[in-house]
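S.K.: The chain contents come next:
There are 2 protein chains.
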Amino acid sequence: MNAEEWVDLEQLMFVEEPLDPDEPRVHPAWLPPEAFRTLGARRVLVHGDGLLVDTVLDEVSRACARYGGRVWHNPSWDVDVDLVLALRGAGELPGPAVEAARAGAGDGTLGTEGFLLTHAGPVTVVLADAPAGLLYGLFHVVRLCAAAFDPTRPPERHRPALRRRMLNHWDNVAVHPVMGQVERGYSGGSIFWQDGRSRRDLARIREYGRLLAASGVNAITVNNVNVARTEALLLTDRLGDVAEIADVLRPYGIRVHLSVTFAAPMVLGGLSTADPLDEKVRGWWAETTRNVYDRVPDFGGYVVKADSEGQPGPFTYGRDHADGANLLADALAPHGGVVHWRAFVYNHHQDWRDRSTDRARAAYDHFAALDGRFRINVILQVKYGPVDFQTREPVSPVIAAMPATRLAVELQVTQEYTGQQRHICHLGPWWSEVLRFAPWGPGGRSVADVVAGAAGAGGGLVAVANTGDDRFWTGHPLAQANLYSFGRLAWNPELDPTAVLDEWMTLTFPPSATADPALVRRTLHEIMDDSWRTYERYTAPLGVGFMVNPDGHYGPGVDGYEYSRWGTYHFADRDGVGVDRSRASGTGFAGQYPPYWAEVYETPETCPDELLLFFHHVPYRHVLRSGSTVIQHIYDTHFAGVEEVAAMRRRWQTLNGMIDPAVYERVAERLDEQVRSATEWRDQINTYFFRKSGVPDERGRRIH
Amino acid sequence: MNAEEWVDLEQLMFVEEPLDPDEPRVHPAWLPPEAFRTLGARRVLVHGDGLLVDTVLDEVSRACARYGGRVWHNPSWDVDVDLVLALRGAGELPGPAVEAARAGAGDGTLGTEGFLLTHAGPVTVVLADAPAGLLYGLFHVVRLCAAAFDPTRPPERHRPALRRRMLNHWDNVAVHPVMGQVERGYSGGSIFWQDGRSRRDLARIREYGRLLAASGVNAITVNNVNVARTEALLLTDRLGDVAEIADVLRPYGIRVHLSVTFAAPMVLGGLSTADPLDEKVRGWWAETTRNVYDRVPDFGGYVVKADSEGQPGPFTYGRDHADGANLLADALAPHGGVVHWRAFVYNHHQDWRDRSTDRARAAYDHFAALDGRFRINVILQVKYGPVDFQTREPVSPVIAAMPATRLAVELQVTQEYTGQQRHICHLGPWWSEVLRFAPWGPGGRSVADVVAGAAGAGGGLVAVANTGDDRFWTGHPLAQANLYSFGRLAWNPELDPTAVLDEWMTLTFPPSATADPALVRRTLHEIMDDSWRTYERYTAPLGVGFMVNPDGHYGPGVDGYEYSRWGTYHFADRDGVGVDRSRASGTGFAGQYPPYWAEVYETPETCPDELLLFFHHVPYRHVLRSGSTVIQHIYDTHFAGVEEVAAMRRRWQTLNGMIDPAVYERVAERLDEQVRSATEWRDQINTYFFRKSGVPDERGRRIH
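Same order as they appear, the protein sequences are chains A and B. The numbers in the first sequence follow our numbering, run straight up by one, and end at 713. The numbers in the second sequence follow our numbering, run straight up by one, and end at 713.
Treat the hints loosely; a few may be bogus.
[To be verified] Output of the computed footprint for chain B on chain A, the stretches with three or more beta carbons under 8 Å from beta carbons of chain B:
(1) 404-417
(2) 488-495
[Stated by the list, open to error] Per label pair, the in silico range of CB-to-CB distance:
(3) A:ALA649 with B:ARG362: 38 to 44 Å
(4) A:PRO670 with B:ALA183: 37 to 43 Å
(5) A:GLU614 with B:ARG708: 34 to 40 Å
(6) B:PRO186 with A:LEU60: 43 to 49 Å
(7) B:MET667 with A:PHE580: 28 to 34 Å
(8) A:ASN356 with B:ALA155: 58 to 64 Å
(9) B:HIS358 with A:LEU60: 32 to 38 Å
(10) B:HIS358 with A:ALA656: 24 to 30 Å
(11) B:ARG362 with A:GLY453: 47 to 53 Å
(12) B:ARG362 with A:ILE385: 54 to 60 Å
(13) B:HIS358 with A:ARG711: 16 to 22 Å
(14) A:PHE580 with B:ARG685: 18 to 24 Å
(15) A:THR366 with B:HIS358: 50 to 56 Å
(16) A:ALA508 with B:SER365: 34 to 40 Å
[Claimed, not checked] Partial list, computed: chain A residues near chain B (C-beta under 7 Å):
(17) ASP360
(18) ARG362
(19) TYR563
(20) GLU707
(21) ARG708
(22) GLY709
(23) ARG710
If you are wondering where the hints come from, they were derived from the structure by calculation, not from laboratory data. Every value quoted in this text rests on a predicted model; they were computed, and no experiment measured them. Backbone N, C-alpha and C fix where the C-beta goes; we use that ideal spot for every residue, glycine too.
The shape of chain A in the complex, shown without the other chains:
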């Protein structure tokens, strides 16, 4: 017996260590008490009423109790304060707020989530038109620290560019025999579920909501898009568990959505069909949805993965995805809910021998023709790339193809293909590139514009969460930055991702007795800023993707998918590598883009280097736009990538003694693994291509 599966076992056993009872139960992430020091030393007036205003008041009161400040809530007399947080339209505004408003800075509506930060003489003023805005304003003050109290700071208006900023939890209620408690989760168990039941750790869920609100997230799903038997029941029998979570998250402005199975009318309702045009089916969904809103009045809506990877869907009944999505949309419409309908539909039993089928084409081929057929409360949720969350993909052509449909773009905060929170891979720069990408060509509207929509009517941004019951929330402590960056970029896609990272560092690593905060931040920037590109360097080259171990998606497996049914191939042979997706000679995928990009991607000469092998099959000695050959580029980037990881580790070691020892140790361990794994990537990929191409490294380095 050769026990290859023991490897899996070791992976199963790569779990978080038990908590030391002397340590704090959970790491505070970007909201440590110290982050509230500046605020907590001030005199603060909170004006307004309501659930979220109470949250603001609680936050301020806690901070002031710790750091010696003082709080007033709706005082009926004049008080001398440093900060006013005021809800407009809630009775007579306090003096400084009136003064600020009078200065004209608050003209125009701020919307349900926006706020104004300004000053009235020495007093800092936050104004909002709705309670959520006040909460976001509070966290903005926390983020700014002392700068918020600088009276010379010009007034700022903040409104989220995207109305919907959602996290999808791929958490299972019952442990899946293969996928476990959290599918593609690398941070321990689920915050919500354990072994088939609700965990009911409401304090932790509340803490989670607080972190999310401080990053800007305002919606979550609490269960996996792959909906199995137990999870299906959340919609009906187990609705109480959902309502409880919603109750806990509501004070932080976070709405709960549910992933549902399209087969629910049969699985739960006992009907003989789930046909979207069947009246009984429509009635069942209407009734069921009404019950959901009876329990959760601000319920967000449904998320659906249909006709995909074995999940049921409208195709079973000869209906299309507009029929399917509209069925649920009609049930949700009376209550103000939306359906997020995933565009991730493809043939997952492809024959690798069949060169005519191209998985990259699938979402466009399935959905583009349906543009205009979706109800207004359908949001089509499109992965950022045409395949599957690879480290580098072109932006999905669907995004430019459906002007009459509300589109959301889906990202992965969980690092399924980017090192699974054992590798440092800061994704902000990648997401920023995606959001700034202009599908119609330079100067045109961006992806962010599309998902923002006119007057905020777009579908927004969605990401698969990277959080779990791990004490650091995210397994790798530095992976917290990805979660934070997601929320911030969803709020404002124009933010500089490195500036967002700096915000996160400032909050997470506050000044301490043992450390120079500037030095800590500089070191962290050196480690993290370019870490996504470093990860790209030592993994699959030039956009080719899917050279990952099929068993768990961790580590290299150059040919791991080459003969599989998943439609993800690189076609490397002794002469060259890459997928011809041109119109002229390939699968035609390049033609799914608007003309500008269709032309750019069509030929190897115009295609950007980093996507060359995604779009073209080229000889190993093909000369890149960079001047290097493909094969030499592969060698060079892989040697460089490992050197960069080694440098990361050396830099991290300089922080020993300067930060929380538990954080230090966890990261140090994972950096050891990252060095090992990156070396394995380098050697396997270089060896693979050397054996195939026979071309030696120009610099004569060791290739096995």
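Fit chain B to the known structure of chain A by using the hints.
M.R.: Using the frame of chain A, we list chain B on its own:
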């Protein structure tokens, strides 16, 4: 998310269908009632007493009750009979037995398991010196059918060539999180254990013992060589479960052995060490073993996998494997038990970049120098090949290297690497080649001679079982033939494997109203006789091995092990393929053989084609002894292999209506899968080598 693991799930779900309550609970395999028709119509006298004589009597009585014959047991008067089954030395023999003995045919001892089949006039006589011999004689009569009653048939003496004919069950008591209830089991659950407990399905265990006895097996282990916590307890707290199984198997002459963990003194005994030279450890084993024999007086002994794939062993204490094995041998010696010590020890964390380490060398390197140091009741259990149960390997050089050690050879009846009982792969011819192989060169002693030993003192033959709680015992009904063939070849390694297969067919597919038995047998021979070579043709070529999917060992994965830690590589590049194990330029493994084979294997010119890539790295255009090139051989055999499987399926279809419909359907389903899987093997391997070599198929067939 791309759910590669759903594949695993599908594999998990490849379970046997629930039993139809109208069907017999379990298939009778090679002992259907009809196999006893000839015997059961006769008048039979059984002479002798004892547990195994009672078994003989039961068998005969059941047969006679069904088919109209008659039985006498130790009659004190003369009876007119057709068959006498008599134990010598048990009182006065019946007349025909005396007559047969007088004719001289019974001279000399028959040993504890031998028997004599002869005739006294019209009466068939079976004589034995011990009860087990009488039982084996009975099954011989059953096998012979009418021929046994042919008075002109010359007398036959039968004694097993190998004293020890053992099956190892890799059954877990508790379900292993990765390996399941039965490690490398493809026949449902365990016959013995379920979900952490003894199943206590004693009727089925008895039926199993009966089948084994009729094939010639006389020993089994009831638990996996990988011994986890629950399984360790079989030695102590759960010994009652073992005793119960032993009680049920004893009437069929089968002794029970246990797999134990070397760490038992710590795990079970609470000692702080398991050092084999520690007196407390020695005392613990002596005491524990005494307790085992108190409960199971004919207990066989221990099987140990030590210092291998994570199992504990003597290396931990700076001791060697002789120290380890002798520790257990000393504990067993007072009771007549033996320890089977597995030679499967290698570095399972090898670095693929390190060309100096060769897993094939490991068993010899670890054990050869220990020859002569083992106690007389240690049996060193050596896998037939130097690596791991591949479809084709050279015979292990350890077999010729340890003349002063009792050696057993270990085979796999379970088809871990040979199609997992979804593929028809009749292994008898392969085992026969191994057993007939002459390690010192043609004309010298054979492997069978080594494991037989002088005067039967050898270690015998051991195989990993292929049985489970499946209704056909073995998942694939035709895989029963492998189990049967193992027992028969262990009894007599000189048997023609095709003749053994014919015995199995004759018993298993008795004449029926709807079938011409000769036609059924001829068809089955066409399907099965060469099926191992067919399997070899469409899988890894020319002895290179391990082109299997690492995840479960089913289906192709040409590079699946190429960069892994398991030490099983093929080193294919654009110029050639294979592992250089020569002394001159390779790992030197070829030099572990006695001179004749060391020379033969040393050069590509003298190395047999079927092992060429095991011993040599050669260019794709290297010309084989067959006259074909390596690359053309790969193409030709892979196309041929799939054609042969398609022919198997066509032939099987001609049997529809002629055999048990349940057997027909099960095999038909699996043949569909075999055709699919063989096609996948062909296409992946041909494509892989075409892409690497660039050499087109001479015959212009389609390669993808």
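S.K.: With reference to the structure, classify each hint as holding or not holding.
M.R.: Here's how the hints hold up against the structure:
Closer than 8 Å: that is the beta-carbon criterion, and the region 404-417 of chain A has 0 residues meeting it against chain B, so the requirement of 3 is violated. Beta-carbon proximity to chain B at under 8 Å applies to 0 residues in the region 488-495 of chain A; the threshold of 3 is not reached and the given coverage is violated. For A:ALA649 and B:ARG362, the Cβ-Cβ distance of about 19 Å falls outside the hinted range of 38 to 44 Å, so the restraint is violated. Between A:PRO670 and B:ALA183 the CB atoms are about 38 Å apart, so this pair conforms to the stated range of 37 to 43 Å.
A:GLU614 and B:ARG708 have their C-beta atoms about 39 Å apart, which keeps the hinted 34 to 40 Å range intact. Checked against the hint of 43 to 49 Å, the pair B:PRO186 and A:LEU60 passes, with Cβ atoms roughly 45 Å apart. Separated by about 47 Å at the C-beta atoms, B:MET667 and A:PHE580 break the suggested range of 28 to 34 Å. Between A:ASN356 and B:ALA155, the C-beta spacing of about 59 Å keeps the proposed range 58 to 64 Å intact.
Taken as a hint, the range 32 to 38 Å is violated for the pair B:HIS358 and A:LEU60, whose Cβ atoms sit roughly 56 Å apart. Checked against the hint of 24 to 30 Å, the pair B:HIS358 and A:ALA656 passes, with Cβ atoms roughly 27 Å apart. Here the CB-CB span from B:ARG362 to A:GLY453 is close to 49 Å, well matched to the stated 47 to 53 Å. Hint check: B:ARG362 to A:ILE385, Cβ distance near 59 Å, so the stated range 54 to 60 Å holds.
Our hint of 16 to 22 Å for B:HIS358 and A:ARG711 holds, since their Cβ atoms are close to 21 Å apart. Against the hinted window of 18 to 24 Å, the Cβ-Cβ separation of A:PHE580 and B:ARG685 comes to about 23 Å, which satisfies the hint. For A:THR366 and B:HIS358, the hinted distance range of 50 to 56 Å is not satisfied, since their beta carbons lie about 40 Å from each other. Take A:ALA508 and B:SER365: their Cβ atoms lie about 52 Å apart, and the range 34 to 40 Å is violated.
At about 9 Å, the closest approach between the beta carbon of A:ASP360 and any beta carbon in chain B exceeds 7 Å, and the interface hint on this residue is violated. The closest approach between the C-beta of A:ARG362 and any C-beta of chain B is roughly 4 Å, which is under the 7 Å cut-off, so the hint is satisfied. Hint on A:TYR563 is violated. Least Cβ distance to chain B is approximately 11 Å, over the 7 Å limit. A least Cβ separation of about 18 Å between A:GLU707 and chain B goes past the 7 Å threshold, and the interface hint is therefore violated.
Given hint, A:ARG708 at the interface with chain B, is violated; its Cβ is 19 Å from that chain's nearest Cβ, farther than 7 Å. With a least beta-carbon distance of about 17 Å to chain B, the hint placing A:GLY709 at the interface is violated under the 7 Å criterion. At its closest, the beta carbon of A:ARG710 sits 13 Å from a beta carbon of chain B; the interface hint therefore is violated under the 7 Å criterion.
Of the numbered hints stated above, those contradicted by the structure are hints 1, 2, 3, 7, 9, 15, 16, 17, 19, 20, 21, 22 and 23, listed in ascending order.
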